[in-house]
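Protein chains in written order, with numbering that gives the first Met the number 0: chain A, 0 to 237; chain B, 0 to 463; chain C, 0 to 225.
Some hints could be false.
Said to hold, decoys possible - Chain B regions said to be covered by chain C (calculated; three or more residues, Cβ under 8 Å): (1) 131-140; (2) 159-173; (3) 216-222; (4) 350-358; (5) 447-455.
Stated by the list, open to error - With a Cα cut of at most 25 Å, we get these calculated BS3-like pairs of lysine-lysine: (6) Lys179(A) <-> Lys7(B); (7) Lys1(A) <-> Lys461(B); (8) Lys27(A) <-> Lys63(A); (9) Lys245(B) <-> Lys440(B); (10) Lys81(B) <-> Lys124(C); (11) Lys4(C) <-> Lys100(B); (12) Lys100(B) <-> Lys145(A); (13) Lys6(C) <-> Lys245(B); (14) Lys193(B) <-> Lys102(B); (15) Lys226(A) <-> Lys440(B); (16) Lys193(B) <-> Lys57(C); (17) Lys57(C) <-> Lys40(B); (18) Lys17(C) <-> Lys245(B); (19) Lys34(B) <-> Lys145(A); (20) Lys63(C) <-> Lys34(B); (21) Lys4(C) <-> Lys74(B).
Worth flagging that the hints you see were computed from the coordinates, not collected in a lab.
From the three backbone atoms N, C-alpha and C, an ideal C-beta is built for every residue, glycine too.
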Amino acid sequence: MKITLFVPCFVDQLFPSVGISAVRIFEKLGHNVDFKESIICCGQPAFNAGYWDEARGIAARVLKALSGQDPVVVPSGSCGAMIRNFYPELFKNTPEAEAAAQLARRTFEFSSFLVDQLGVRDLGSRFPAKVTFHDGCHGLRELNVKRQPRQLLEHVRDLTLLEMEDQTSCCGFGGMFAVKFPMISTAMGETKAASALETGAEYLVSNDSSCLMHLQGLLSRQKQKLKTIHLAEVLASS
Amino acid sequence: MLSSFAAKFNTRATRLTADLEHRAKIRSALRSYEKARDEKKALFQDWEAARDGAATIKWEAVNHLDAYLGRFVEKLEARGTKVFWASNAQEARDYIVALAKEKGAHSIIKSKTMTSEEIHLNDSLRQAGYEVVESDLGEFIVQLREEAPYHLVFPAMHLTRTEISDLFHEKLHSAPTDNPEQLTMIARRELRLKYLRADIGISGANFGIAETGMISITENEGNARLTTALPRVHVALMGIEKVIPKLSDLALFLPMLATAGTGQQITCYNSLIGGPRQPDEPDGPAEFHLVLLDNGRTQLLADAEQRDALHCIRCGACLNVCPIFRNVGGHTYATTYQGPIGSVITPHLRGLMDWKHLSYASSLCGACTEVCPVKIDLHHHLLHNRRNAVARNPDRWERFAFRAFARLTANPGLLDKLVRLSRPFLPLVRAARQIMPPPIKGWLASRELPAIALRSFRNYWKSR
Amino acid sequence: MNCGKQKEILGRIREALKVSAPIPHIARRQNASQLVQPKAWLPAVPPDQAGQLALFQKNCLQLKTEFCLVRGTEEAGRVAKELREKYGWSLAASHHQIQLDAVVRTLGIETVYMEDQPAQTALEKCSVGITACDALIAQTGSILLTARSAGGRALSVLPPHHLVVAQINQLVADLPAAIDLFSARYDGNYPSFATFITGPSRTGDIERILVLGAHGPRMLTVILVQ
Chain A
0 MKITLFVPCF VDQLFPSVGI SAVRIFEKLG HNVDFKESII CCGQPAFNAG YWDEARGIAA
60 RVLKALSGQD PVVVPSGSCG AMIRNFYPEL FKNTPEAEAA AQLARRTFEF SSFLVDQLGV
120 RDLGSRFPAK VTFHDGCHGL RELNVKRQPR QLLEHVRDLT LLEMEDQTSC CGFGGMFAVK
180 FPMISTAMGE TKAASALETG AEYLVSNDSS CLMHLQGLLS RQKQKLKTIH LAEVLASS
Chain B
0 MLSSFAAKFN TRATRLTADL EHRAKIRSAL RSYEKARDEK KALFQDWEAA RDGAATIKWE
60 AVNHLDAYLG RFVEKLEARG TKVFWASNAQ EARDYIVALA KEKGAHSIIK SKTMTSEEIH
120 LNDSLRQAGY EVVESDLGEF IVQLREEAPY HLVFPAMHLT RTEISDLFHE KLHSAPTDNP
180 EQLTMIARRE LRLKYLRADI GISGANFGIA ETGMISITEN EGNARLTTAL PRVHVALMGI
240 EKVIPKLSDL ALFLPMLATA GTGQQITCYN SLIGGPRQPD EPDGPAEFHL VLLDNGRTQL
300 LADAEQRDAL HCIRCGACLN VCPIFRNVGG HTYATTYQGP IGSVITPHLR GLMDWKHLSY
360 ASSLCGACTE VCPVKIDLHH HLLHNRRNAV ARNPDRWERF AFRAFARLTA NPGLLDKLVR
420 LSRPFLPLVR AARQIMPPPI KGWLASRELP AIALRSFRNY WKSR
Chain C
0 MNCGKQKEIL GRIREALKVS APIPHIARRQ NASQLVQPKA WLPAVPPDQA GQLALFQKNC
60 LQLKTEFCLV RGTEEAGRVA KELREKYGWS LAASHHQIQL DAVVRTLGIE TVYMEDQPAQ
120 TALEKCSVGI TACDALIAQT GSILLTARSA GGRALSVLPP HHLVVAQINQ LVADLPAAID
180 LFSARYDGNY PSFATFITGP SRTGDIERIL VLGAHGPRML TVILVQ
C-alpha cells in the first residue's frame with residue numbers, strides 16, 4: 000500500500016536516519032512510501048504554548064498536504080498524538096473539522112502502525128546489544144503505545160531488553176517546557192537517565208526522538224557511555 | 000511578563016530541583032505509597048470500571064448541583080443544623096469568627112481541612128484572639144513550624160524524624176527521640192488536653208450526602224472524630240462541589256479515596272455526621288454549623304470545558320505521580336492546592352494571569368489524568384488554561400515568535416537552508432552559552448546540544 | 000445568624016449549568032439503572048458466611064485488630080476477663096445493651112455508663128471503651144456503629160482501647176451491604192453520628208512509617224459471638 004511518512008522538524012533536521020530507517024523498513028515490506036515536501040511541522044509547539052490560532056494555521060497546511068485516503072505514519076509519539084488526538088480539538092467548530100477527524104483516523108505512530116495495522120512483528124532485524132526502552136509520554140498515554148515497541152524488539156535477533164524501573168515516568172522534555180523550566184526538565188531527565196543507566200544497557204531506545212534528544216544531551220554532558228537510538232533505527236539494523 | 004507568583008515559583012523550583020537530598024526524600028516517601036496503592040488497586044475486581052462509575056456519579060452531582068445542594072441543606076436544617084452559605088473566603092471567616100465570639104469560646108480545635116487553608120481561617124481566628132490547634136499530626140507539625148502543608152494529604156511529607164524531633168524539642172520541650180512512635184505519642188499527649196478543653200471543633204467534609212443530609216469525614220488518626228465529638232459546638236467547612244447524590248455512593252468513593260490517596264483499602268475512620276446531638280444520644284455537640292463555600296467554585300462550574308475539575312475528591316493521587324511535584328515539592332506551588340489539580344483550578348479560584356504559570360510548568364505527560372479516580376481530564380485542562388491565558392493577554396514577543404515560526408514552517412525549503420547554514424556555528428553557540436538567550440542558555444546549562452545532521456531527511460528524499 | 004448568600008450562590012450555579020458539560024462516555028453506553036455497580040467492581044467477597052468470616056479475620060490480622068471468636072455470651076465474658084488481665088484494665092466505660100450488659104457484668108471492673116452522662120474528663124480516665132455495633136464488614140474488616148447503637152460519639156474513640164462485642168448475624172459481606180443495612184435500620188430517623196471503624200487509630204505522617212494509636216484507640220478488639 001501507499002504510506003505517507005510525516006517527518007517532524009526535529010527528525011528531518013537533526014535525526015534524519017530515523018526517517019530513513021522508517022522508509023527502508025516499509026519498502027522492505029513491499030510498500031510505497033510517500034513524503035510531502037511542503038510540510039515540516041505539525042504545529043504542536045504553538046498549540047502547547049496556547050497559541051491555537053497560530054497552531055491552526057500551521058496545521059491547516061498539514062491537513063491540506065495530507066488529504067486523501069492513505070495512512071499517515073509518524074515516527075514520533077508526540078507529533079502522532081498532535082495529529083490524531085489534538086487536530087480534532089483544534090479544528091472543532093471550523094470548516095476543517097471533518098477533514099481533521101478523517102486525517103486523525105488514519106494517522107498512526109510508527110510502532111503501532113507496524114504491529115496493529117500491518118500485523119508485523121518480525122522485520123528480520125539484528126541488533127546485538129543490551130538495550131532499555133523509554134516510553135515517550137504522548138505515545139504512551141495519548142496513543143496507548145506500550146506493548147507494540149516491545150513486541151517488535153522481541154523479534155530483533157541478539158538484542159536483550161532490560162526494562163528500567165519507573166519506565167513510564169516522563170523524561171522531562173515536554174517541548175518548550177525543556178527550555179521554559181530547564182531546572183525541572185533537567186531534574187526529571189537526570190532521574191530518567193539514572194534509571195536507564197542502572198539497567199546496564201548499552202543503548203537507550205525510544206519511539207520519540209525528542210525524548211532521546213533531551214536524554215542524550217544530559218548523558219553526553221555527564222560523559223556517560225550510554226547511547227540513545229530510535230526504535231526505527233534498531234529495527235532497520237541487520 | 001512573569002507575574003510575581005511565577006517569578007517566585009521559578010526561584011523556588013531552581014533551588015528545590017538542585018536539592019538531591021530533597022529529591023531522594025520525596026522519592027522514598029512515595030515508594031511505599033506506590034507499592035501499597037498498587038496492591039490495593041489490584042484487589043478491585045475492575046478498577047477502571049470503578050473509575051467510570053465514580054466519574055459518572057460526580058458528573059451527575061456537579062451538573063445538577065443546585066438540586067442536590069438544595070436537598071442536602073434541606074435535610075440538614077430539618078434536624079437542627081445551621082447552614083451558612085459563604086460566597087467567598089471573607090464571608091466564611093467572618094461567620095466563624097462571629098460564632099466564636101457569640102459562644103464565648105477561648106480554644107478551638109481543628110481536624111484536617113484544606114478548605115480552611117484556602118480561606119486562611121487560622122490567621123483570622125488567631126488575630127481575633129482565639130487559640131487554634133491543629134489536631135492532625137501532619138498539620139500539627141507544620142503548624143508548629145509555621146509553614147504551609149507540603150502536600151494536601153501528607154502535610155509533613157518533607158520532614159525527617161530528626162527534624163520533627165528537633166521541632167518538638169524546641170516548641171514542646173520534649174526529650175529528643177528518633178522513634179516515630181514516641182514522637183507520635185508526644186503529639187498525642189500534647190493534644191489530649193486540647194481536645195477536652197476546646198469550645199469549638201472545626202472540621203472539613205470529604206463528601207456531603209444529599210439523600211440523607213450528612214457529611215462524611217475520612218481520616219486515620221481519630222482526631223476528626225474527637226474534634227467532632229467533644230466540643231460543644233461543631234463547625235464544618237465544605238466546598239459546594241463536595242455534594243454527592245446518595246449514601247450508597249460512598250461504597251465506591253470511600254475505598255477509591257483510600258486506595259488512590261494513601262494506598263489503603265479504606266481509611267481507619269469514615270464518619271457520617273447528620274446534625275447536632277440528638278435527644279436520645281448521650282453526648283455530642285449541642286450545635287452543628289455547616290459553612291458552605293463558593294470562593295470561585297461557581298466560576299469553575301461556569302467553564303463547562305473544565306467543569307469536571309470540580310469532581311475532585313482531594314485524594315492527592317495526581318500529586319504523587321507528578322514528576323514536577325516530585326522535583327519541586329509542595330511549597331513551591333505557594334498556593335493551597337498543589338500538583339496537577341492545583342495547577343488546573345488555581346487560575347479559576349485565584350486569577351488566570353497570576354496563576355497560569357502553574358499550567359505551563361508541566362511536560363503534559365498525562366500521568367495525573369491516568370491515575371485520577373474520578374477521571375478528571377487534568378493534563379488537557381493545563382492546555383486549556385494555556386490557551387485561555389493567551390486569548391486573554393498574549394505575550395507580544397511570544398506571539399511574534401510563533402507567527403514567525405508559522406511562516407518559516409510554511410517554507411520548509413527555506414527552513415532547511417537556514418539550519419544547514421547554522422550548522423558550523425554550533426560550536427560557537429556552545430562556547431558562548433553564558434550570553435545566549437534564555438532558551439539556549441537554559442538548555443546548555445545541563446545538556447549538550449544535539450548535532451545537526453549533515454544531510455536532512457528532505458535532502459535524502461530529494462536525492463532518491 | 001442568617002443563612003448567608005444562599006440565593007446568590009444557587010443563582011450562580013443555575014446560570015453556570017445553563018451550558019452543559021460532556022457526559023462521561025460510560026453514561027452514553029448504558030442506561031442509568033445499570034450504571035453504578037460497586038459490588039461488581041469492588042474487591043470480591045465470598046458469598047457464604049464461613050468465607051466472609053475468614054475474610055473478616057484475615058483483614059483484622061492485617062489491620063492489627065485483635066479478633067476473638069467465641070461461642071455464646073458466657074465465653075464472651077470469660078474472654079473479656081482474660082483481656083482485662085492481659086491489658087491491666089482498671090476502669091471501663093460502656094453503654095447499656097442486652098448482649099453487652101452480660102459481658103460487662105462478667106468483666107467485673109468499675110464501669111462508667113454513658114447513659115449517666117459522665118464528664119469527658121471521667122471518660123478520659125477509662126482504660127477501655129466497650130461497645131456494641133451495627134455490623135461487621137467482611138470485605139474491609141470494618142465495624143459500623145452509631146451514636147445510638149454504641150453509646151454516643153466519644154465512647155469508642157476516647158479511651159485508649161476499644162472493645163466491640165458483636166454477634167455473628169451482624170456480619171455482612173461488603174460496604175454496599177453495610178450501607179443498605181444502615182439505611183434500612185434507621186430509615187430516615189438517623190442518629191446524628193455513625194462511623195466505619197477499620198483497625199486501631201494510625202498515622203503515617205512521620206516518614207510514612209505506620210504508628211498505631213495516633214489519637215484514637217491504640218488497641219481495637221472484636222469479640223464475635225457465634
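Going through the hints against the structure:
1. Counting residues of the region 131-140 of chain B whose CB lies closer than 8 Å to any CB of chain C gives 5, which reaches the minimum of 3, so the coverage claim holds.
2. For the region 159-173 of chain B, the proposed coverage by chain C is satisfied: 3 residues have a C-beta within less than 8 Å of a C-beta in that chain, meeting the threshold of three.
3. Counting residues of the region 216-222 of chain B whose beta-carbon sits less than 8 Å from any beta-carbon of chain C gives 4, enough to reach three: the coverage restraint holds.
4. Beta-carbon proximity to chain C at under 8 Å applies to 0 residues in the region 350-358 of chain B; the threshold of 3 is not reached and the given coverage is violated.
5. As drawn, the region 447-455 of chain B meets chain C at 0 residues by the rule of a beta-carbon pair under 8 Å; below three, the given contact is violated.
6. This hinted pair checks out: Lys179(A) and Lys7(B) have alpha carbons roughly 14 Å apart, not beyond 25 Å.
7. Straight-line distance between C-alpha atoms of Lys1(A) and Lys461(B) comes to about 18 Å, which keeps the hinted pair within the 25 Å bound.
8. At most 25 Å may separate the alpha-carbon atoms for a hinted pair to count; Lys27(A) and Lys63(A) exceed this at roughly 29 Å.
9. Restraint check for Lys245(B) and Lys440(B): the C-alpha separation of about 56 Å exceeds 25 Å, so the hint is violated.
10. Note on Lys81(B) and Lys124(C): the hinted pairing is violated, with a Cα-Cα distance of about 33 Å set against a maximum of 25 Å.
11. Between Lys4(C) and Lys100(B) the alpha-carbon distance is near 21 Å, which keeps this suggested pair within the 25 Å criterion.
12. Distance check on the hinted pair: Lys100(B) and Lys145(A) sit about 60 Å apart at the alpha-carbon level, beyond 25 Å; violated.
13. Between Lys6(C) and Lys245(B) the alpha-carbon distance is near 24 Å, which keeps this suggested pair within the 25 Å criterion.
14. Of the supplied pair hints, the one linking Lys193(B) and Lys102(B) holds, its CA atoms being roughly 17 Å apart against a limit of 25 Å.
15. With a C-alpha separation of about 24 Å, the suggested pairing of Lys226(A) with Lys440(B) holds against the 25 Å cut-off.
16. Restraint check for Lys193(B) and Lys57(C): not satisfied, since their Cα atoms lie roughly 36 Å apart, outside the 25 Å limit.
17. Of the pairs offered as hints, the one joining Lys57(C) and Lys40(B) holds, with about 18 Å between alpha carbons and a cut-off of 25 Å not exceeded.
18. Our distance criterion of 25 Å between C-alpha atoms is met by Lys17(C) and Lys245(B), whose separation comes to about 24 Å.
19. Under the criterion of a C-alpha separation no larger than 25 Å, the hint pairing Lys34(B) with Lys145(A) is consistent with the structure, at around 21 Å.
20. With a C-alpha separation of about 20 Å, the suggested pairing of Lys63(C) with Lys34(B) holds against the 25 Å cut-off.
21. Only pairs whose Cα atoms come within 25 Å are accepted, and Lys4(C) paired with Lys74(B) is accepted, the gap being roughly 18 Å.
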